[in-house]
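Trainee: So the sequence lines, in the order shown, correspond to chains A and B.
Position one of the first sequence corresponds to residue 162 (the numbering used here), numbered consecutively onward.
Position one of the second sequence corresponds to residue 16 (the numbering used here), numbered consecutively onward.
I should point out that these hints are in silico values taken from the structure, not numbers from a laboratory.
Since this is a predicted model, take the numbers as computed values, not measurements.
Glycine included, each C-beta is placed from N, C-alpha and C at the ideal position.
Errors might be hidden in some of the hints.
As a list, the in silico PhoX-like pairs of lysine-lysine whose alpha-carbon atoms are at most 25 Å apart [claimed, not checked]:
no., chain 1, residue 1, chain 2, residue 2
1, A, LYS561, A, LYS597
2, A, LYS581, B, LYS39
3, A, LYS597, A, LYS668
4, A, LYS576, B, LYS232
5, A, LYS445, A, LYS527
6, A, LYS186, A, LYS527
7, A, LYS289, A, LYS581
8, A, LYS527, B, LYS106
9, A, LYS668, A, LYS561
In silico negatives: residues of chain A with every beta carbon more than 12 Å from chain B [unchecked claim]:
no., residue
10, GLY519
11, GLU526
12, LYS527
13, PHE745
14, VAL757
15, SER762
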Amino acid sequence: MSQATVVWLCMPFFFGLPGAFADEKLGDVSDGGRSVSVHVMPLLTEGESDGEGEQIYPDDEPLLPFSTRQTCGECHSYATIRRGWHFNDVEPNVAAGRAGHPWILSEPGAATQIALSYRRWPGTFDPKRLGMTPAAFVRLFGRQMPGGGPGEMVERSDEPEEVLRGYVTGPLEINCLACHDAHYGYDQSEFAVQIARQNFRWAATAASEFASVTGSTAKVPSMFDFRISEVFDDPKIRPPAVTYRKNAFDEKSNVVFDIEREVPNQRCYFCHSSIDAVEEQPEKWQVDEDIHISAGLKCVDCHRNGLDHNITRGYEYECEVSDNPLAASSSCEGCHLGDGSAAPVAGRFAAPVPEHPGIPPVHFEKLTCTACHSGPRPGQNAIRTKTAMAHAMGTLGSNKSVDMLPHIVYPVFAKNTEGKIGPHKLIWPAFWGEMKGSTVEPIDFDIVSSVTAQVINRQDVPRSGDWPKLTDEQITKGLSRFASQVADGCQAVYVTGGRVYKLEDGKLTSAEHESAGAYLWPIAHNVRPAAQSLGVRRCEDCHSTDSPFFFGLVPVDTPVVSAGGTAKEMIDFQGLSRPLKWFFAFSFVFRPWLKVVVLLSSLVILGVVVLYALRALGFIAGVFVGKD
Amino acid sequence: MVSIMGFVACLATMALHFIISKPKADDLFGKDRSMRILDPLRWPILFLTLLFVEQKWNLVGALRKLVFLLALLCFAVLVVTGFVPPLILGKAISGWWLVIHATFSPVFAACVAILAVMWADNSRLDKNYWPWLNRVLRRLPQSNTLVEKYELGRKICFWLILFLALPVILSAVLSMFTLFGTYGQELLLGLHRYSTLSLALFSMAWLYLSVMTEMQKNAAG
Numbered sequence: 162m163s164q165a166t167v168v169w170l171c172m173p174f175f176f177g178l179p180g181a182f183a184d185e186k187l188g189d190v191s192d193g194g195r196s197v198s199v200h201v202m203p204l205l206t207e208g209e210s211d212g213e214g215e216q217i218y219p220d221d222e223p224l225l226p227f228s229t230r231q232t233c234g235e236c237h238s239y240a241t242i243r244r245g246w247h248f249n250d251v252e253p254n255v256a257a258g259r260a261g262h263p264w265i266l267s268e269p270g271a272a273t274q275i276a277l278s279y280r281r282w283p284g285t286f287d288p289k290r291l292g293m294t295p296a297a298f299v300r301l302f303g304r305q306m307p308g309g310g311p312g313e314m315v316e317r318s319d320e321p322e323e324v325l326r327g328y329v330t331g332p333l334e335i336n337c338l339a340c341h342d343a344h345y346g347y348d349q350s351e352f353a354v355q356i357a358r359q360n361f362r363w364a365a366t367a368a369s370e371f372a373s374v375t376g377s378t379a380k381v382p383s384m385f386d387f388r389i390s391e392v393f394d395d396p397k398i399r400p401p402a403v404t405y406r407k408n409a410f411d412e413k414s415n416v417v418f419d420i421e422r423e424v425p426n427q428r429c430y431f432c433h434s435s436i437d438a439v440e441e442q443p444e445k446w447q448v449d450e451d452i453h454i455s456a457g458l459k460c461v462d463c464h465r466n467g468l469d470h471n472i473t474r475g476y477e478y479e480c481e482v483s484d485n486p487l488a489a490s491s492s493c494e495g496c497h498l499g500d501g502s503a504a505p506v507a508g509r510f511a512a513p514v515p516e517h518p519g520i521p522p523v524h525f526e527k528l529t530c531t532a533c534h535s536g537p538r539p540g541q542n543a544i545r546t547k548t549a550m551a552h553a554m555g556t557l558g559s560n561k562s563v564d565m566l567p568h569i570v571y572p573v574f575a576k577n578t579e580g581k582i583g584p585h586k587l588i589w590p591a592f593w594g595e596m597k598g599s600t601v602e603p604i605d606f607d608i609v610s611s612v613t614a615q616v617i618n619r620q621d622v623p624r625s626g627d628w629p630k631l632t633d634e635q636i637t638k639g640l641s642r643f644a645s646q647v648a649d650g651c652q653a654v655y656v657t658g659g660r661v662y663k664l665e666d667g668k669l670t671s672a673e674h675e676s677a678g679a680y681l682w683p684i685a686h687n688v689r690p691a692a693q694s695l696g697v698r699r700c701e702d703c704h705s706t707d708s709p710f711f712f713g714l715v716p717v718d719t720p721v722v723s724a725g726g727t728a729k730e731m732i733d734f735q736g737l738s739r740p741l742k743w744f745f746a747f748s749f750v751f752r753p754w755l756k757v758v759v760l761l762s763s764l765v766i767l768g769v770v771v772l773y774a775l776r777a778l779g780f781i782a783g784v785f786v787g788k789d
Numbered sequence: 016m017v018s019i020m021g022f023v024a025c026l027a028t029m030a031l032h033f034i035i036s037k038p039k040a041d042d043l044f045g046k047d048r049s050m051r052i053l054d055p056l057r058w059p060i061l062f063l064t065l066l067f068v069e070q071k072w073n074l075v076g077a078l079r080k081l082v083f084l085l086a087l088l089c090f091a092v093l094v095v096t097g098f099v100p101p102l103i104l105g106k107a108i109s110g111w112w113l114v115i116h117a118t119f120s121p122v123f124a125a126c127v128a129i130l131a132v133m134w135a136d137n138s139r140l141d142k143n144y145w146p147w148l149n150r151v152l153r154r155l156p157q158s159n160t161l162v163e164k165y166e167l168g169r170k171i172c173f174w175l176i177l178f179l180a181l182p183v184i185l186s187a188v189l190s191m192f193t194l195f196g197t198y199g200q201e202l203l204l205g206l207h208r209y210s211t212l213s214l215a216l217f218s219m220a221w222l223y224l225s226v227m228t229e230m231q232k233n234a235a236g
């Protein structure tokens, strides 16, 4: 080897690793150590014009909020992380995957509840179609968002005023602490408060355990610069101000973050909780957690991701759309049965392999695992549920009424896109729209708000957040007013309860319509213990003529008084023949007789066969001993 | 695929055998019959007629025939509902197919049990078949008595049907109890599938041999 070659080979060691490792940051790749990495580090401000941030010192004036993009991004590739499932909904090239919990715009005063999503889940609407800018979206739903996604689009708008406001409120960067801060003082509800105050830039700082934020950008002028300490003459205008706790900084002006790589369940729960919305609501202590949690698992044991934060959602066919290597083995089947790969992957976390005694295998072709194992045991009527994302649970002053909109109903046993029946949550969309041909598009929500304010008396809107009682006259009045607001060639309609209401020659008519269909999304949690699964006691759990699984009622939710009190059967969502399922269920009445008849028959046949076999043997034996 | 091949092979063998060894039409329908052009119709009608076993004019005879006809009906329904969905429609048996299949199966099981009791004695392979066995073992000269051969074949089929009916019935009914897990259930399903196929093929053979026996008897006058 020549001297020159040796020099070239050694250069990386003298000058640092070039090329492939140039973009890799300190925390991007683990060195294999399983111990916790202590996060003692400087706080960095938001960079100017996407440049690098500057370190925050306790004696800075004014004290600025730290930027997670800069502070955490110092060691972890922010650009890679933002591709993760929780942040990539606005990316047009990301596969939508299985339909999930949408954001739900619910406004009782506008008689509206409508599923929104930037993902292309059928039945949801892109917020843009309601005239909702990313900033408006974040103001509404940022409370339960981990930042990123639309939060980082607030400065990107077609409207100059929106762009200016975006500079004032700041972007809602990915809030790494929302999931990874394990400190008891971290307060996600404070994050929600800051969102309400339009302090997007300050939200993560305010939620952290070592800072507090006062003031709001809501009323500050659009030329406000957060880097300059500014006092306004109007005492009502109090721009955001940060205070860091006295002992937050060490002598090097570093702070300690209590960071957990494996996110604690409590962090997930802030956005992923639900409760049955029934009159006699059980207390938290009366309700068991998911059986996996009771068994000692954490949410992130199954819902895993690497640096790219492409977390596994855990459904059966996820591996077809996800490049997460654990997608196949992180579903129920993957963990409990294996994914069929050469090397066995089942049994992780001591997952038992289910025996399913007495369950014909056809059930596994027709049903999801969750059909029997997840959600509450179905009753004769599907019940309402409240979820953190839809009902702002866990935030300050959240409405605790069971009647609060949106009205989400569950468990609804419906056929999913893969043709299997599983439990779902459901909402009936209710919105004012414009109809062209057979398609219905929602009307810009600002217009809806102003028009409905003239139609629905605010005093008629219940304080509970429930629907106002909407009469046919009010709908007629509303549609008449919307008629001038819709585009040429379109007709104003009101969609609710699976029906489309429209005016024909001035008369209100309604009919069931595809566009008015319910939006359903599958549920997986809480998983009940095997001993409480459907069918564990007897087939009649599902195969009886009044079983909730097929014949349970799903209330059709609507504010329209004249259409109230109706319901659909579960089987309407299963694509099955009702007479067939009823007859099949009815046949189970005779199942014990069938068993007796068949067993007796086989006993008789066995008796005849054995008897004549013995006689034949006797004959043959006789021949051999020379009797005949 | 196995089922299709089994049915095709069975039907083809029977058709071929029938063409080769069918009795002469003159012997069956008479030499001086009119309208010989109708012979192609006479054959299937005779075949069908012979399917309905001889009825003796007493209560047991009537019951035996009734049970046999019922079993025949159930057999036809079970074969259609059990094999058409997977073989022709390409899907697992479910829906109305399953409902009808499950409705007729206990009736079929009961009929087979009753017929087993009623026909077992007549289907004994008793010492009358000893000479035949000796001929097979080449201890006696060959005989061309077709009736004897058909009867023996029919009786062997009868016992095989009874023997196969047990796994067919038990594999179905045991899966309704909480005795077997998924693996066991799949095993039972496989057992049901293949024992049913065998049962169906032997039943068809039994029916064919019964008809041929009667046909030969008729031809012999």
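Trainee: For LYS527 of chain A, which was marked as not at the interface, is the minimum beta-carbon distance to chain B over 12 Å?
Mentor: About 8 Å separates LYS527 of chain A from the closest Cβ of chain B, which leaves it inside 12 Å; violated.
Trainee: What's the verdict on LYS668 of chain A and LYS561 of chain A, does the C-alpha distance respect the 25 Å limit or exceed it?
Mentor: Not OK: LYS668 of chain A and LYS561 of chain A at ~39 Å, beyond 25 Å, violated.
Trainee: LYS289 of chain A and LYS581 of chain A were given as a pair; does the straight-line alpha-carbon distance stay at or below 25 Å?
Mentor: violated, 32 Å
Trainee: Sort out whether LYS597 of chain A lies within 25 Å of LYS561 of chain A, counting only the CA atoms.
Mentor: violated, 39 Å
Trainee: So if I understand the rule, the pair passes when the alpha-carbon distance is 25 Å or less; does LYS186 of chain A with LYS527 of chain A pass?
Mentor: violated, 47 Å
Trainee: Straight-line Cα separation of LYS581 of chain A and LYS39 of chain B no greater than 25 Å?
Mentor: violated, 59 Å
Trainee: Would you check the hint for LYS597 of chain A and LYS668 of chain A, treating anything up to 25 Å between C-alpha atoms as holding?
Mentor: holds, 19 Å
Trainee: Run the C-beta distances from SER762 of chain A to all of chain B and say if the shortest one exceeds 12 Å.
Mentor: violated, 4 Å
Trainee: Once the closest CB in chain B is found, is it more than 12 Å from PHE745 of chain A?
Mentor: violated, 5 Å
Trainee: Is the nearest Cβ of chain B still more than 12 Å from the Cβ of GLY519 of chain A?
Mentor: The claim is violated: GLY519 of chain A sits with its nearest Cβ about 4 Å from chain B, within 12 Å.
Trainee: Given the hint that LYS576 of chain A pairs with LYS232 of chain B, does the C-alpha gap stay at or below 25 Å?
Mentor: Since the Cα atoms of LYS576 of chain A and LYS232 of chain B sit roughly 60 Å apart, the hinted pair is violated (cutoff 25 Å).
Trainee: Taking the minimum C-beta separation from VAL757 of chain A to chain B, is that value above 12 Å?
Mentor: The assertion about VAL757 of chain A is violated, with a minimum of 9 Å to chain B.
Against the hints set out earlier in the document, violations occur for numbers 1, 2, 4, 5, 6, 7, 9, 10, 11, 12, 13, 14, 15.
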